[in-house]
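Protein chains in written order, with our numbering: chain A, 1 to 540; chain B, 1 to 416.
Any given hint might turn out to be false.
Stated by the list, open to error - Short derived list, chain A residues pointing at chain B, Cβ under 7 Å:
#1 Ala191
#2 Ala515
#3 Ser522
Since the hints were made in silico from the structure, they are not lab data.
Every residue gets a Cβ at the ideal spot worked out from N, C-alpha and C, and that includes glycine.
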Amino acid sequence: MLFNSYEFIFGFLPVVLIGFYVLGARRRDWALLWLTLASLFFYAWWRPINVLLIAPSILINLGLARLMERYRESRPALARAVLICGIVFNLCFLGYFKYTMFLRGAVNDIFGTDLVLTHIILPLGISFITFQKIAFLADVHAGRVTSFTFRDYALFVLFFPQLIAGPIVHYREMMPQFRAISTRFNAEDAAVGATLFFMGLAKKLILADPMALVVSPLYARAARGEALGFVDGWIAALGFTLQIYFDFAGYSDMALGLARFFGIKLPVNFNSPLKAASIIEFWQRWHVSLTRFLTAYIYNPLSLFLARRRMAAGKPGFGGRDTTAASFATLLLMPTMLTMFVSGLWHGAGYTYIVWGLMHGAMISLNHAWRLVRPRIWPGAKDHPGLLASTGFLLTFVSVVVAMVMFRAPTVGAAASIWGDLAGANGVTLPEGLLARLGPVAHWLHTIGVQPDASSGSQIMQGVLRVGVLLLIALGLPNTLQILAPYEPAIGIRPAKREPMLVRAARWTPSGSWAVGLAAISAAGILSLGQLSEFLYWQF
Amino acid sequence: MPRQSRFLLIWSVALLVILVLAAGFNAVINPYELFAWQRIPGLNEYKPGTRNHVALAKAYQVERARPVTVILGTSRAYLAMDAASPVWPEADRPVYNYGTPGSNMSEVLFRELRQAWGTGRLRHAVAILDVPAFLAPDPPLSRGPDQRRLLFLDDGGPNPDRRAQYLNDAFLSVLTMGALVDSVSTVLARKGGDTVLDLRPDGTATAADFINVARAEGMNALFTQKDEYDLSRIAGFKRVLADWHGPMPNMGILRDMIQFCLKHDVTLTLILGSSHADQMEIYRQAGLWPYIEQLKMDLAKLVADAHSDSITAWDFVEYGPYTTEPVPPRGDKVTRLKWFWEPVHFQRALGEIMLQRVFHGRPADFGAPLTVATVEARNQLVRDQQRAFVGWRLACEDNREARCTPPHEVAAEASR
Numbered sequence: 001m002l003f004n005s006y007e008f009i010f011g012f013l014p015v016v017l018i019g020f021y022v023l024g025a026r027r028r029d030w031a032l033l034w035l036t037l038a039s040l041f042f043y044a045w046w047r048p049i050n051v052l053l054i055a056p057s058i059l060i061n062l063g064l065a066r067l068m069e070r071y072r073e074s075r076p077a078l079a080r081a082v083l084i085c086g087i088v089f090n091l092c093f094l095g096y097f098k099y100t101m102f103l104r105g106a107v108n109d110i111f112g113t114d115l116v117l118t119h120i121i122l123p124l125g126i127s128f129i130t131f132q133k134i135a136f137l138a139d140v141h142a143g144r145v146t147s148f149t150f151r152d153y154a155l156f157v158l159f160f161p162q163l164i165a166g167p168i169v170h171y172r173e174m175m176p177q178f179r180a181i182s183t184r185f186n187a188e189d190a191a192v193g194a195t196l197f198f199m200g201l202a203k204k205l206i207l208a209d210p211m212a213l214v215v216s217p218l219y220a221r222a223a224r225g226e227a228l229g230f231v232d233g234w235i236a237a238l239g240f241t242l243q244i245y246f247d248f249a250g251y252s253d254m255a256l257g258l259a260r261f262f263g264i265k266l267p268v269n270f271n272s273p274l275k276a277a278s279i280i281e282f283w284q285r286w287h288v289s290l291t292r293f294l295t296a297y298i299y300n301p302l303s304l305f306l307a308r309r310r311m312a313a314g315k316p317g318f319g320g321r322d323t324t325a326a327s328f329a330t331l332l333l334m335p336t337m338l339t340m341f342v343s344g345l346w347h348g349a350g351y352t353y354i355v356w357g358l359m360h361g362a363m364i365s366l367n368h369a370w371r372l373v374r375p376r377i378w379p380g381a382k383d384h385p386g387l388l389a390s391t392g393f394l395l396t397f398v399s400v401v402v403a404m405v406m407f408r409a410p411t412v413g414a415a416a417s418i419w420g421d422l423a424g425a426n427g428v429t430l431p432e433g434l435l436a437r438l439g440p441v442a443h444w445l446h447t448i449g450v451q452p453d454a455s456s457g458s459q460i461m462q463g464v465l466r467v468g469v470l471l472l473i474a475l476g477l478p479n480t481l482q483i484l485a486p487y488e489p490a491i492g493i494r495p496a497k498r499e500p501m502l503v504r505a506a507r508w509t510p511s512g513s514w515a516v517g518l519a520a521i522s523a524a525g526i527l528s529l530g531q532l533s534e535f536l537y538w539q540f
Numbered sequence: 001m002p003r004q005s006r007f008l009l010i011w012s013v014a015l016l017v018i019l020v021l022a023a024g025f026n027a028v029i030n031p032y033e034l035f036a037w038q039r040i041p042g043l044n045e046y047k048p049g050t051r052n053h054v055a056l057a058k059a060y061q062v063e064r065a066r067p068v069t070v071i072l073g074t075s076r077a078y079l080a081m082d083a084a085s086p087v088w089p090e091a092d093r094p095v096y097n098y099g100t101p102g103s104n105m106s107e108v109l110f111r112e113l114r115q116a117w118g119t120g121r122l123r124h125a126v127a128i129l130d131v132p133a134f135l136a137p138d139p140p141l142s143r144g145p146d147q148r149r150l151l152f153l154d155d156g157g158p159n160p161d162r163r164a165q166y167l168n169d170a171f172l173s174v175l176t177m178g179a180l181v182d183s184v185s186t187v188l189a190r191k192g193g194d195t196v197l198d199l200r201p202d203g204t205a206t207a208a209d210f211i212n213v214a215r216a217e218g219m220n221a222l223f224t225q226k227d228e229y230d231l232s233r234i235a236g237f238k239r240v241l242a243d244w245h246g247p248m249p250n251m252g253i254l255r256d257m258i259q260f261c262l263k264h265d266v267t268l269t270l271i272l273g274s275s276h277a278d279q280m281e282i283y284r285q286a287g288l289w290p291y292i293e294q295l296k297m298d299l300a301k302l303v304a305d306a307h308s309d310s311i312t313a314w315d316f317v318e319y320g321p322y323t324t325e326p327v328p329p330r331g332d333k334v335t336r337l338k339w340f341w342e343p344v345h346f347q348r349a350l351g352e353i354m355l356q357r358v359f360h361g362r363p364a365d366f367g368a369p370l371t372v373a374t375v376e377a378r379n380q381l382v383r384d385q386q387r388a389f390v391g392w393r394l395a396c397e398d399n400r401e402a403r404c405t406p407p408h409e410v411a412a413e414a415s416r
């Protein structure tokens, strides 16, 4: 069931909320059980077989966690073996459903074999659920989770606001909340939840989805091997970046809002990443819970392991002015590239996703390298914070947009072709009709090599206009977390000490004017439900 | 009352009021012609919102129109065949134009025919056929909304899904953002004019989109864009036709249409509509011309097999005064062609002339009935015209200073 569907908004959600409050008024555990069963129903809605696929995995993980809980103190080696078994089991589970076909295809590509590519049904949200279960096992093993029941665990895994597309949550940040929340109606939670949910709905349906109408035909052309040209190439790159930006922003707001209806605060998952002034900061703002997971469970352990090995061998470590190229390569470049390789592969079983992940790995490493060498080659850099921030922002923005082409393109070749378009390799042309309206500017454009073509000027203008408006919103306006900061819309979000005037002016309050404004936004979202569309991140 | 509770109350009431107002506005403006309300001059007289909802609008319009004659076809019929033209014989009126842009020719034609017949008094169907529709088989029709809107199923029984589909269409016509935007554009377009798209109650549409592009970018841009599109399809056609045996693709659908018309006593006129020389030259140069001749042959045989005077076929695919109008040069935003918008879509003026020819026999030098007896001669005639045109164009290209008016045009000017 999609969050942006009539059946969810007018059927499932009201029924679940009413049931939760009515049962919660009598017995709290009934309310939580109701929430678990409703989440299971939500998961089964699309394809009931999903439940049969995912349920055994949940039970096995619970059993492994129980074993670890029992032997953590008395037999740590056994507990560690159980943890490794659990991780391997979960990765195999994910690997079978998500990567079998890709691996067979890759073997065929590399060795010229003819392995049959059979389609395997992918259980919904399997990537998110698997990572969540691995995090749970790791937390139990590390003693961060000390007691749990089957009901708790089932609710933690199945809680529908975050079930399909995250955020990837930790047991330790969810269960204390479930144990503490009031199961009776709370007007503040409902008001904040409704605001988050309907602002997210509007982002998804009014900002993200219409952009697909501009972007999809362009990538389809690239898939057919057509050159897009400079202008269409940039519209394709910027357009898709903004489409997935508002799609994911919308989903994240809706997830926060839905959880808040039940008094639960989810962790931040999306925080205006396009405003980032470095690629490192970008990943602290984009899909934050995934970054947190990958850092905690892949990057940090690997980096630590390699650092210990180097130290044991008497080689220099990493950090400060004494960092050598070898230590940088071993302790930062390698773990970063591996982590981002996994990130790419996690997003999709395809070469394009892997290349996209590796590109980000390279950019993050470059960013770290710059931070290391900058004090040496430009000691006075800190005296120019404005220059650093604006240059960093521009570089990050362009890098993210260019890399996003690989994320969206159907093949690596099509992405490379679009990159050629972005660089002007296929010439720079503008529609003749458009040039005719530009007057003297057209003459100047001609002198710098811009040629007329026969494409539709109105289509280009539509694309440029949409991209411009969305850029303005993404870069110029405060985000939902800032607007709702006094009400802690996500875990740990509070108003900043010094906030721009625009943020203060846009601050949400439970006032009449905000109620009417939100009603208009909600109505626009509801009226846009007619054209159903899936969230881009649901496919991962 | 706590502030948060008051907020929720105001929000709920305001949301309900906005939704009710939006639904009421959409229902009154009726942007997709779903409801049978009269249009109100100065408010919703023109319907630009039908642009992307032609199939929806026409499925219900045709039921209200209850035509005696229906025009079937794609965007060419939609734009260029005037259901209100005085050319239509009195006995054939009222006429409804069921041409639907973006439809594939064959099965949709049949679907349109059955829907029009289902309204109760259909006696004549005029199908405007496109050449490329017979160069590759159509994909199978999915059971989408168009299918669910039909009055009758394939077996002749009433369609049980129609009511649910109507309710769904009604919901989408009043409670969606798209409908609201289209309602607003309907009101903004209340003054009309040739740049406002309209779908008349008789199914005929204005060519506002072409007029707007022609004014902004010139007709050369329209021709160039369409030529590029046609060229991009050539490889696909060649691939299909290389292994194709027997009658041309989709001819079976026409055979079914003929059987349907014979069974239900409906006169069927098949018209192979004109293309501009630009498109015909693309096919000729790609080596597809023999297939076009084969298509005409197949059409003639189909008609002969029907053994009925009520089934006729006409051919307007030729190199003549109407189809060889020179295209204005790039950048020329003033010159207009008289007969074509671009190589595929002919203008209403040419549609009128085709109807004149079919129903009243004039002009005698444009188009011809297709029969088994005459088709070979017809193909030969068009081949000669083609040869003359190619020769003229080569000579014209060699001598750029000379006035390059096609030979047919000179002759036509003289005769007029």
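Hint-by-hint comparison with the structure:
1. Among the interface hints, the one on alanine 191(A) holds; its C-beta lies about 5 Å from the nearest C-beta in chain B, closer than the 7 Å criterion.
2. Taking 7 Å as the C-beta cut-off, the interface hint given for alanine 515(A) holds, the closest approach to chain B being about 4 Å.
3. A least Cβ separation of about 5 Å between serine 522(A) and chain B falls short of the 7 Å threshold, and the interface hint therefore holds.
Violation of the numbered hints given earlier is absent; every hint is satisfied by the structure.
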